[in-house]
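Given these sequences and hints, build the entire structure.
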Amino acid sequence: MRLGLRLSVIGCTLLASRASAQEPWLDAGAPLDAAVVPAPDAYVAEDAAWLAEEEPVIATAITPANEAEPELGTVVVTGVRGAQVRTVADTPSPVDVIGHQEVQATGRTGLKEILGAIVPAMSMPQLAGGGTSASVKPYSYRGLSGDYLLVLVNGKRRHTTALINNLSRISGGSTPVDFDLIPASAISRIEILRDGAAAQYGSDAISGVLNIILDDSPEGLNAQLTSGRYYEKGGNMVQLQASQGLKLGNKGGFARLSLDLRFRDRAKSSADPLPDTKPNGAPNYYYAPIDVNTPDPREAGVQDKVFAGGYGRSNQDYVATGAYNAELPLTAHAKLYSFSTLSYRYIDDARGAFPANHLGALPEKYPNGFQAYRRISEWDGQAGVGAKGDFRDWTWDLSTGWGRDYVWLGARNVLNPSLGPASKSRFFMGKQVQDLVVNNLDLSKGFDIGLADKLQLSFGFEHRYEKFQNREGEADSYRDGGYVVPIGADPWHQAPLPMGVGGYGGLAPSPGLVSFTGTSPADARNKDRNNYAAYAELSTRPWKPWYLGIAGRAEHYDDSAGNVASGKFVTRYDIWKGIGIRGGVNTGFRAPSLAQSAFSTTQNTITIIGADRVSTTSKFLPVDSQAARALGASDLKPEKSVSVTAGVTFEPSRIFRLTLDFYQTQIRDRIVKTDFIGTSNNGGAAVGQLLASQGVTDVDSAQYFANAIDTTTRGLDLVSELTLRSARAGTFRPSVAFNFAATEIDKIAANPSQLANLNVVRFGRQGQIDIKRGAPRNKLILAGNYQLGRVRADLRVTRYGEYIEASTTAGADVTFSGKWITDLDVAVNLTDSLSLAVGAYNLFDVYPDHKGALSQTEGSGGYGAFSPFGLSGGFYYARLGLTL
Numbered sequence: 001m002r003l004g005l006r007l008s009v010i011g012c013t014l015l016a017s018r019a020s021a022q023e024p025w026l027d028a029g030a031p032l033d034a035a036v037v038p039a040p041d042a043y044v045a046e047d048a049a050w051l052a053e054e055e056p057v058i059a060t061a062i063t064p065a066n067e068a069e070p071e072l073g074t075v076v077v078t079g080v081r082g083a084q085v086r087t088v089a090d091t092p093s094p095v096d097v098i099g100h101q102e103v104q105a106t107g108r109t110g111l112k113e114i115l116g117a118i119v120p121a122m123s124m125p126q127l128a129g130g131g132t133s134a135s136v137k138p139y140s141y142r143g144l145s146g147d148y149l150l151v152l153v154n155g156k157r158r159h160t161t162a163l164i165n166n167l168s169r170i171s172g173g174s175t176p177v178d179f180d181l182i183p184a185s186a187i188s189r190i191e192i193l194r195d196g197a198a199a200q201y202g203s204d205a206i207s208g209v210l211n212i213i214l215d216d217s218p219e220g221l222n223a224q225l226t227s228g229r230y231y232e233k234g235g236n237m238v239q240l241q242a243s244q245g246l247k248l249g250n251k252g253g254f255a256r257l258s259l260d261l262r263f264r265d266r267a268k269s270s271a272d273p274l275p276d277t278k279p280n281g282a283p284n285y286y287y288a289p290i291d292v293n294t295p296d297p298r299e300a301g302v303q304d305k306v307f308a309g310g311y312g313r314s315n316q317d318y319v320a321t322g323a324y325n326a327e328l329p330l331t332a333h334a335k336l337y338s339f340s341t342l343s344y345r346y347i348d349d350a351r352g353a354f355p356a357n358h359l360g361a362l363p364e365k366y367p368n369g370f371q372a373y374r375r376i377s378e379w380d381g382q383a384g385v386g387a388k389g390d391f392r393d394w395t396w397d398l399s400t401g402w403g404r405d406y407v408w409l410g411a412r413n414v415l416n417p418s419l420g421p422a423s424k425s426r427f428f429m430g431k432q433v434q435d436l437v438v439n440n441l442d443l444s445k446g447f448d449i450g451l452a453d454k455l456q457l458s459f460g461f462e463h464r465y466e467k468f469q470n471r472e473g474e475a476d477s478y479r480d481g482g483y484v485v486p487i488g489a490d491p492w493h494q495a496p497l498p499m500g501v502g503g504y505g506g507l508a509p510s511p512g513l514v515s516f517t518g519t520s521p522a523d524a525r526n527k528d529r530n531n532y533a534a535y536a537e538l539s540t541r542p543w544k545p546w547y548l549g550i551a552g553r554a555e556h557y558d559d560s561a562g563n564v565a566s567g568k569f570v571t572r573y574d575i576w577k578g579i580g581i582r583g584g585v586n587t588g589f590r591a592p593s594l595a596q597s598a599f600s601t602t603q604n605t606i607t608i609i610g611a612d613r614v615s616t617t618s619k620f621l622p623v624d625s626q627a628a629r630a631l632g633a634s635d636l637k638p639e640k641s642v643s644v645t646a647g648v649t650f651e652p653s654r655i656f657r658l659t660l661d662f663y664q665t666q667i668r669d670r671i672v673k674t675d676f677i678g679t680s681n682n683g684g685a686a687v688g689q690l691l692a693s694q695g696v697t698d699v700d701s702a703q704y705f706a707n708a709i710d711t712t713t714r715g716l717d718l719v720s721e722l723t724l725r726s727a728r729a730g731t732f733r734p735s736v737a738f739n740f741a742a743t744e745i746d747k748i749a750a751n752p753s754q755l756a757n758l759n760v761v762r763f764g765r766q767g768q769i770d771i772k773r774g775a776p777r778n779k780l781i782l783a784g785n786y787q788l789g790r791v792r793a794d795l796r797v798t799r800y801g802e803y804i805e806a807s808t809t810a811g812a813d814v815t816f817s818g819k820w821i822t823d824l825d826v827a828v829n830l831t832d833s834l835s836l837a838v839g840a841y842n843l844f845d846v847y848p849d850h851k852g853a854l855s856q857t858e859g860s861g862g863y864g865a866f867s868p869f870g871l872s873g874g875f876y877y878a879r880l881g882l883t884l
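Its first residue numbered 1, the sequence shown is counted upward by one per residue in my numbering.
Hints were generated in silico from the structure; no laboratory data involved. Hints should not be assumed to be uniformly reliable.
Stated by the list, open to error - Here are the simulated lysine-lysine pairs, DSSO-like style, with alpha carbons at most 27 Å apart:
| hint | residue 1 | residue 2 |
| --- | --- | --- |
| 1 | K268 | K772 |
| 2 | K335 | K251 |
| 3 | K747 | K640 |
| 4 | K388 | K454 |
| 5 | K772 | K637 |
| 6 | K527 | K577 |
Said to hold, decoys possible - Pairwise CB distance ranges, derived in the manner of DEER restraints:
| hint | residue 1 | residue 2 | range |
| --- | --- | --- | --- |
| 7 | F391 | F569 | 42 to 52 Å |
| 8 | E802 | V648 | 21 to 31 Å |
| 9 | A223 | A300 | 47 to 57 Å |
| 10 | I748 | A812 | 20 to 30 Å |
| 11 | V484 | N757 | 18 to 28 Å |
| 12 | S807 | A536 | 42 to 52 Å |
| 13 | A536 | L246 | 35 to 45 Å |
| 14 | D528 | A685 | 33 to 43 Å |
| 15 | I748 | L455 | 40 to 50 Å |
By construction, the Cβ of each residue, glycine as well, lies at the ideal position given by its N, Cα and C atoms.
In structure tokens form, the structure reads like this:
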């Protein structure tokens, strides 16, 4: 069923019954499109007939055949092992299906934004924090970071990103799968299992499993060209998508080739113009002033100049993604298969703007200030090959896969001011690389033991190899050149004056790049590990209405993650025709990512004390470093979870569905990044003395990852839809989805013995509030799809709940109210092959609350940072489609 669009009031059922008596709204006898819904085996037919009594075996696909929309009869494979066919309507755990048409109709570019729009449990802040998180947005699912959502492609584990969100406040420290590097044109459907499944799939499957099924159509060309822009902010977008099917051999083999090309420009900043003066009273001059009291005459014409190009849609993206999906039957009982994705992405992101009277904007280099740009050049690929079939009632699947995310980091229009005016303006900052190799063997067989259904036995083995690399950049991106600003007569070079303009003579700029940090040899790290796993799963129906399933998994990591085990019990009971209850209990785990164990970065600050240049060093430390150990760090342990789900399904007919599922997920030893330890308000000089006593003299303050908290997330998913069809009035599908997820912190680990006698807080109020309230706790999606003849319209109204942007200081938090966002897409089939669509998301140009109306905070970040629907207002587009 289509995810995210699913709650219709029960009164719609009465409406459907009444309408069916007056005209053929329901069209119950519409033929089932075999290309959309594979035929079930004999048992499923018998069981479905029992559930529906006189109704057809599986709910009839009432969508016109050329739409290929998922319905109750859609066969799902996620969370289900073995040969038995299961559909959306009879899964023991909630599974939602997003069809290809729904993906297209959002008008958005990139799969991450698409999922953020149509999945009620997914949230994505516009600006989660600094670093690469500002360029490649992290996301959360069901109240937890993206790390807790396992992502599969064609049922095989997908590699994660190499870009760790170390500076992100929302989903901080996560390294999730980057959906944007999977071409949307290659997708047949997306299945989302809303239940923990670590016992079935291994690490990361705590909040759910998202399985991207690639298109397997053996024939036909689909192409579309989309272009659009924001109402007021610009940010032009152009996207070309194409997919072509090819037959292989004469036994049903195929190859499907897909390609997405897109360009997305940065938008105008959503920031307010900088006020005339900084908080300390010093003007933010665009042009260097003539003297202390006399600004440049040109200044009067640019006082509305915005020095905040990174606020809002700040990326300029060039993305090319391709994929293939292929199968080749060898015999009637065996086939080869292979699939792959390959992507290149270049990002040029406006990050940090510096006026003319900033210490880092040397007037000899940038007399009028500058806007710095982060550059990301990224290659990402996944390839899988395998064989599957059946032998003597056993089904088998043997496969191997490889994935890599290779990221080159750079900067332009910037400088290392510690090198003086001779500094260049373009730099190589380092590389981050994530590799994954996975080998799987899966076996399954059904045994007839006299129950209403066969006892389905599934078991298998998995080997994974992972490697993370943080490679150093060029020396000029991090080194200290020793430059001291000479004292001169002009305002900028004068010795510092109280409340004066400029006045940087005699001061020393900090080493490294302004706004960015290059990776030094001390921060470069490689870390790898092997994982070996075995699983087993049993499921059956003791009698027809009752399903039982149990699974167990054991894994061994050859690093600090060690040995872990998990189990799952799930059941469903159909108490009456169309009414069922379901639920389960599962334990899960998430092994710490290699990036969380190995990542390191350094920031140096220089001050002049007397005649001396004094360096202060802040670091993000790998947990096994000497400095981290001195501050109480230890090897990271797997996060352990216990999840409970309970729900009810109401499906009185094949055209109406209502499900309500409650869930609770407790996570023990959750990994978070600590606050900076050793700053003036968190330990201060005592931390430096502690480090010095342990032989660490190159670190003054630091943070690291730690298993520091226990949390509980409680929530519910409400999903429903109704489909009405009339030969005269067309097809109408009203639907609603609602997700609520609230996370509470049950326990914060006590300070380790190394910090026991220091006034140190390892995980403070801002981090705590970010986890609990940084993302909306609720999201409601009201939607309607209408089709009449050649015209199709999709309307989606989404309410994002309130969220809080926390401060380190009590009383300075800002609460942003919930907002309604409207999306509309209208398409017309001009011919049998050509279609045209126009639409808009955020149709009514809604912005978040302005902080100036909520608090005393003004300035460039007036709309905050965490908005889940962006900071740039409405976006309109047009789409031209071709089908051959």
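Hint check:
1. Between the alpha carbons of K268 and K772 the distance comes to roughly 32 Å, so the proposed pair goes past 27 Å and is violated.
2. The suggested pairing of K335 with K251 holds, with an alpha-carbon distance near 10 Å, which does not exceed 27 Å.
3. The hinted pair formed by K747 and K640 meets the criterion: a straight-line CA distance of about 14 Å does not exceed 27 Å.
4. The suggested pairing of K388 with K454 holds, with an alpha-carbon distance near 22 Å, which does not exceed 27 Å.
5. Between the alpha carbons of K772 and K637 the distance comes to roughly 23 Å, so the proposed pair stays at or under 27 Å and holds.
6. Taken as a hint, the K527 and K577 pair is broken in the structure, with Cα atoms around 55 Å apart against an allowance of 27 Å.
7. Here the CB-CB span from F391 to F569 is close to 30 Å, at odds with the stated 42 to 52 Å.
8. Checked against the hint of 21 to 31 Å, the C-beta distance between E802 and V648 comes to roughly 28 Å, which is consistent with it.
9. A hinted range of 47 to 57 Å holds for the C-beta pair A223 and A300, which are about 52 Å apart.
10. At about 21 Å, the beta-carbon gap between I748 and A812 stays in the expected band of 20 to 30 Å.
11. Distance hint for V484 and N757: a CB-CB separation of about 39 Å, inconsistent with the stated range 18 to 28 Å.
12. Hint check: S807 to A536, Cβ distance near 50 Å, so the stated range 42 to 52 Å holds.
13. Take A536 and L246: their Cβ atoms lie about 39 Å apart, and the range 35 to 45 Å holds.
14. Remark: the range hint 33 to 43 Å for D528 to A685 is upheld by a beta-carbon distance near 38 Å.
15. Distance hint check for I748 and L455: the Cβ-Cβ separation is about 46 Å, which falls inside the suggested range of 40 to 50 Å.
Checked against the numbered hints above, the structure violates hints 1, 6, 7, 11; every other hint is satisfied.
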